[in-house]
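Got two chains here, each in a separate frame; can you build the complex from them with the hints?
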Amino acid sequence: MKKSVFLGTLAATTVLSGAVFAATLDDVKARGELICGANTGLTGFAAPDANGEYQGFDAALCKAVAAAVLGDPTKVKFVPLTGETRFTALASGEVDLLVRNSTWTYSRDTDLKFDFVAVNYYDGQGFMVKKDLGVASAKELDGATVCIQTGTTTELNLADFFKSNNITYTPVTVVDDTEAANQYLAGACDAYTTDASGLAATRATLADAENHIILPEIISKEPLGPVVRHGDNNWGDIVRWTYYALLIAEEKGITKANLEEVAASTTDPETRRLLGLEGEMGVMMGLDNNWAKNAIAVSGNYGEIFEANLGTSTPIGLARGLNALWTQGGLQYAPPVR
Amino acid sequence: MSNSHFVRTQMLPPQKPPVGETGVIKWMRENLFSNWFNTLLTFLGLWAVYALVSGSAPWFLNGVWTASSVDECRAIIAASAGEGASGACWAMINERWHQFMFGFFDREEYWRPLLAFGLLFVALSPVLYFNLRRPTMIMTAGAGVVLVMLLWAVGTDGWHLSLAAVLMAALAALAWVAPKKLLWVTLAFPATAFFLLWGGSVWAPIGVMLGFGIAVLVWRSLVSVIGVSPAAGVAALTALIWWGFVQGHVTGFLANALPFFSLPAEDSDRFGGFLLSFVIGVSAISASLPIGILLALGRRSDMFLIKTLSVGFIEFVRGVPLITMLFTASLLLQYFLPPQTNFDLILRVIILVSLFASAYIAEVIRGGLAALPRGQQEAADSLGLDYWQAQRLIIMPQALKVAIPGIVSSFIGLFKDTTLVALVGLADPLQGVTKVVKADIAWKAAYWEPFIFVGAIFFIFCFSMSRYSMYLEQKLKTDHR
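Taken in sequence, the protein lines are chains A and B.
Here the first sequence stands for residues 1 to 338, where the numbers follow the working numbering.
Here the second sequence stands for residues 339 to 819, where the numbers follow the working numbering.
This is chain B alone, in the form it adopts within the complex (with noise of 0.2 Å):
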């Protein structure tokens, strides 16, 4: 009997896919050359990239770091590259990064800003991540990490330097055992960031904060007995009382008596580079927040005083530019106040800086309330949730969440917005600092370095910014989609 049938008993081997299927040439197939006029696109893209990078690139590459002006920096490209060579002058940076980072500020006194920063972001780990500890503690220790390498670049003294790392160390440590406790330094940064840019007497800041503990402890005795609004309204009224009356003579009393706790006094106009762009823009953006949520509630109120005057204020912020918000600021408010009154430039412009940031900020929230089904303050309202429980509990969790981007975008256009302010002779670091720069006749002839410099520090910052606000909006996904 013929064994006429055949049975495999062994699978064949899967065969390769046909070349063009597979890998980086189906890959090219697919996205780059599917069709003649993609091919086209294709090689112009090319071609436009090599163009950038062949004109760019000598420049770049012959750049020198290390010179005393840009005639040097000319014959020192000319003699290594040959006559006729381009090349960037970064010594120009080199020997003025100081000026684009700090401004004027005493040179000594470096620690304190950097300090400041670092805190800047121990201060953010607990809200940025909800106390999660890991993330948390990670933000913190980096945060000490770049602190202490910063700090030892700009040479800055062992003491200080030692200080700086122990305290650090501190917090990290804090961050890992305790995260939610890290939320107290959140509170206290204000303070410690103002004591430590502006230095002075440690106690002005201290009863600034004593106010804000005042207002709180007033309020919780007081919310129970008559009520959340009229709670907040003696609240609020009792911490003016303090800072309008008492509080100059308790805090002057013990700027006497206990003088040693304070720093050198560093005035508002030897602020300048990223250390103003920084400072109106952290204060602007946290001060921007709550400020806009309140509008925000204030806008879809039913009281009518409420409501007319969050509409007044928003659709007049929004109506006029910046500019104009700024030359405010700097010339129109100084008829207002009585002559001779020193009312600080910088403080001046942080203030309406922040009020034109809340306005956009209050109408992306609405953005987000808009966005939440009716039903949501209906379910509150069912669960007999006041008022500000609803809000707290249900309602702006959820808006928020909807608005990330929009808050985000708008905190990164605030923040390269402060640029303005070289309009109002202010020292910004791309138009300010530069200009200050480009006087001294040595570095006149620089034209793009400083644009790039300053450029790829703003960069950084905002893509930062981008970035977690991808990461939030990932973490908070939990809804319809």
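So here's chain A without its partners, still in its complex pose (with noise of 0.2 Å):
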């Protein structure tokens, strides 16, 4: 999620950082294809299954842009990114989309010269500890050996957060994520730290699962989206509004199940422009006015996407949170369709 960016300064700095893609509507449509930047494998938010098709939290996001621009959820080419390659490979245009759970910073924003449209997953950094350390909050973890991937922010993250409250750790620095949970299992580490989502989904997996916490603290601001590049805002809006229409619909009650029924019977004016029944709020973006019906149609809303990949009824089992609803007390808040 925050590797370091070396290779995408580099490639925003290189030629073509001002070379312009207006037109990326085009190029998907003349192509017939969505290309989609996405995890290599990331439990929950993406990665392929046993038959080799991309499933996820963020895999259904592209599926759905792939839906609102094309009409077909099937017409997305998912192309694996790693940590380094996943920047240079949006700003060279390999990728019309970056679905990457990449972290929105600011020099991100700004310097490499991508927008993230939108936060589809507000995460921040967390920790684990074994119940019988008799930690209840990561304050009372000095001196404590804490297991953390190398090179990502998460490391800078951990230091402010235990010089700030004047505590001291050891760190045991490892490659990746399981790595890190083998090391922390294996007993080198007294705490283990990623974003919180990470370890929930690791958490689920131990066999004592039981004799594991994870701590109250959120020592940092992860907010996960999509990201496209500078310059060509009209497909930024194409990929925001994408991901709204989903939002919406959730606040609205349009789930995949009851969609066609709310289309033939909705009298509300908002659920009636947003499905097209009304105006021509698609043909604004360059897009038919069933665009967001067709993003729905794919694995429903925003709600139903969430309890499908991550939610309580999964293993996961990650609760809302930040990312509930407005109207339930979360962060995700979608502007009015009009």
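Misleading hints may appear alongside valid ones.
[Stated by the list, open to error] FRET-style restraints, in silico, Cβ to Cβ:
#1 B:797 with A:49: 25 to 31 Å
#2 B:578 with A:175: 41 to 47 Å
#3 A:186 with B:550: 38 to 44 Å
#4 A:170 with B:794: 34 to 40 Å
[Unchecked claim] Here are some chain A residues the structure puts well away from chain B; computed CB gaps all over 12 Å:
#5 48
#6 77
#7 134
#8 135
#9 143
Just so you know, these hints were derived from the structure itself, not from any lab.
In this text the structure is predicted, and so the values were computed from the model without any measurement.
A virtual CB, placed ideally from N, CA and C, is assigned to each residue, including glycine.
Set out below in structure tokens:
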């Protein structure tokens, strides 16, 4: 999520940084396929399943965009990208859209010349410890050994947190997530820190999950969202509003199951505009008027996507938390369609 | 007269040597317990072996082969071996072996990469065994039998299974009747393998091969007229013109006129696992040897330009890590190409890995060349052989023989290095596919199983290569030792 962005910087400063990829929409339509940069494999967010088809929370957004633009959710090609290659792939035009758990930060937005068009998951860094350590708060971790992935912003967040709380720790650095979990289980460290969603997924797979707790402190802001290139605002709008359409659908109670029924019977003006029954909303972006309906039809509204991939009904079992709708105390808030 | 002298009329049977000087005991005394220090080392060694085996054996023995998740594995192990016992969850491999092997290749089409794999051995046999009838035949027939078994194991339909069986039987018969003819299979293999793996119309790979055919024809008809190097240049130019301007029209026309010779196209982002490792490894290995030979000769050449270019290339490539090359392939090349060009990532990686390997092979071969006495070249000159004849008939056979161990270890290293492509997001078996499989929450908790499985398969192939190189050295040992 936060690997060093050297190559991305390199990319942004090379010749093509000023080049215009103005008409991503035209390219996608001409190609008949959306190329979506995805994670090489992250539980719940994006990974190929046993049949090689990409599934997950982020993958569902790519499919929704493909459905909105091309009318067919299968017209999407997923390009697996690593932490190092993702930004260059986007900058060089190899992918149209990057949905790869990328944290929205200032320098990525400005210096790397990208646009984070929305936040589809509010994450944050947390800690997992063994229950018998007898710790109830991260502030009690004075002198602890902490397993952490190298070269990520988690490492910096960790240093900041301990420094600002005037406590000490010993880092045990490891290369990747699996290794970190393995070290933690082997007892090489007292606590394991990474994004809370990752901690939940790891904890869910432990043989003795009940003996491990995730501490309440979230020590960083990790707003993850879809990314597009600077300078093609129309394309950015399409991705942003496809995402918002999923949010509004949840707000209005439109699900995959009742979509047709709602479309046939609704009298709510905003719903009618969203589903293309009234006005020329899709045409304003260069799409069909039933763009939002197509997007919702793929895997349902935002809440359904969340529940199917990350939510309490899955083994990962994440609560909505900050990702609940604004009407339910969360941060997910879509502007009106009008 | 007393018979006082004694003449033995029959030999005494030889006595048995002392117990300590024979058999196992002698061997143990000499090799394991010859002095107190070696005795100590022996016991330490035994203890280490015991600790390893007793530590890991339960884990292997408790292994579970059928389950739907690591949790289920744990439950089965707890039920069979008692609470707290550890065990391998091979069910992960059992459920996802096809991704470790073929990546995301269409499951209905597994016969294609397998057939290509079988043909690879047929294509290799005349090269590896110099047209010797028996080993060529054994290798071809063996590849056929293994192929049919593999095809059956992945559940290929009867039609393709019998097609492959008939083809391999025909090739085995050919190997017996005329082993030299198999070289044609070798020459046609790149196009065949490309067609089988990527699918699409059969005419495109045929067109590419025709380019080589045209080049050979041109070279043959010109070489006696204008000499080796100009003829090679004209031939290369003709082939380039064919590939660049003519081939597209011809093959496009044929593909439209005769569309039935085609297989469903398979995108290269569906390649992964050992299929990817083999595609990259085999292409890079077979491309790097000829390029390496040319570079090694270029480096020893008297011609300033050729020498400088060769040295520059070799030293530059050897000076940068392979990972840099991979990042160049995946990231930088995209900037130099026009936007929206879709230049296949696997192809880019194959090209750069081949260039990387050829620089190393060039130096290994240069080592072989340096080992030859100067007199060999002079002898060739005195026979009136020209440069290429001398290289082909006198120098290279000897130099390559000396360089075999180095060449093979470069190849083994290259094959293992193919796992580095995970860094550019390709699904190599070790890291890429493992990550994909472990992203499934059911298998997330597995740790050693994929490493052991992938490691074992790599070992089989690398060890075979190494044994073959020993066979080859033994076979070619004709010299001064």
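Structure-based check of all given hints:
Under the hint 25 to 31 Å, the C-beta atoms of residue 797 of chain B and residue 49 of chain A, about 29 Å apart, fit the expected range. Separated by about 45 Å at the C-beta atoms, residue 578 of chain B and residue 175 of chain A satisfy the suggested range of 41 to 47 Å. Checked against the hint of 38 to 44 Å, the pair residue 186 of chain A and residue 550 of chain B fails, with Cβ atoms roughly 56 Å apart. With their beta carbons about 36 Å apart, residue 170 of chain A and residue 794 of chain B fall inside the hinted range of 34 to 40 Å.
Distance to chain B contradicts residue 48 of chain A as a non-interface residue, since its nearest Cβ pair spans about 5 Å, not more than 12 Å. With a least CB separation of 7 Å from chain B, residue 77 of chain A falls inside the 12 Å interface cut-off, contrary to its annotation. Against the 12 Å criterion, residue 134 of chain A stays outside the reach of chain B, whose nearest CB is about 23 Å from its own CB. For residue 135 of chain A, the non-interface assignment is confirmed: its Cβ lies about 23 Å from the closest Cβ of chain B, beyond the 12 Å cut-off.
Separation of residue 143 of chain A from chain B is adequate, the least Cβ-Cβ distance of about 28 Å exceeding the 12 Å criterion.
Checked against the numbered hints given earlier, the structure breaks hints 3, 5 and 6 and satisfies all the rest.
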